[in-house]
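Peer 1: Sequence:
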Amino acid sequence: TQLISQGVQESLIETIYTGVNTDKFTPHFKKDIRDQLGLSANSIIVGIVAVLRAAKNHKILFEAFSELNLQNTFLVVVGDGPQYENLQNIKTPNILMVGNRADVSDFLGSFDLFVLPSKMEALGTALLEAQSCAVPCIGSDVGGIGEAIKDKETGLLFENNNKDSLKNALKTLIEDANLRSRFSTNARDFIVENFSIQTMVRQTEKMYETL
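Heads up, the sequence shown is in my numbering, so the first residue is 676 and it goes up one at a time.
Note that these hints are calculated values from the structure, not bench results. Careful: at least some of the hints might be erroneous.
Here are the simulated DSS-like cross-link-like pairs (lysine-lysine), alpha carbons at most 25 Å apart as the crow flies [said to hold, decoys possible]: (1) LYS825 x LYS846; (2) LYS846 x LYS827; (3) LYS734 x LYS699; (4) LYS838 x LYS734; (5) LYS734 x LYS794.
No experiment lies behind these values; they were computed from the predicted model shown.
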């Protein structure tokens, strides 16, 4: 969009997305985050993996999740950053902040859904990695997130910085296991087809051949 606004012909623009390692980020997780945190096997896990900075908008997620007050449902927050203290002050018992983790790909697939509520985002690689693990996603409708999530097929988009819109999306996916299951299958297929490393290489080769 920016290139077009600067006068570049749309027909001359080719988009090649950053590839996700679909062999590393798979639905077959090695670790269940429930076991690691001492949660029951039937608990619902909402996850986010992102640096704790204002642009990622963790605050709206903390507030929306807390206000829903759903039983046996936990928000697992992976990451560290300058907003840590501010977020600690508003977290509730069902919000678990686990800090930075080097083994995210080992347990990401054990999340029931993944949320990225950013106020701005180029694409949202974390969303791609989560969907590669067959995890349905919720994201704000900003930047490239609308390209990273196939709305109502692999996840749900909510209106940027609108807490009620986010709450509705969270409630829908938390309460509807069948919808999560459908989105889960679609998510993995969507990433393999459009965002895998193999797809990136194939598209790059095609572009060079065309040139």
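Peer 1: Could you run down the list of hints and mark each one as holding or not?
Peer 2: Cross-check of the supplied hints:
1. LYS825 x LYS846: holds, 19 Å
2. LYS846 x LYS827: Roughly 14 Å between the alpha carbons, so the hint for LYS846 and LYS827 holds.
3. LYS734 x LYS699: violated, 30 Å
4. LYS838 x LYS734: Status holds; Cα separation ~10 Å.
5. LYS734 x LYS794: Holds - the C-alpha atoms of LYS794 and LYS734 are around 11 Å apart, at most 25 Å.
Violated hint: 3 only; the structure is consistent with all others.
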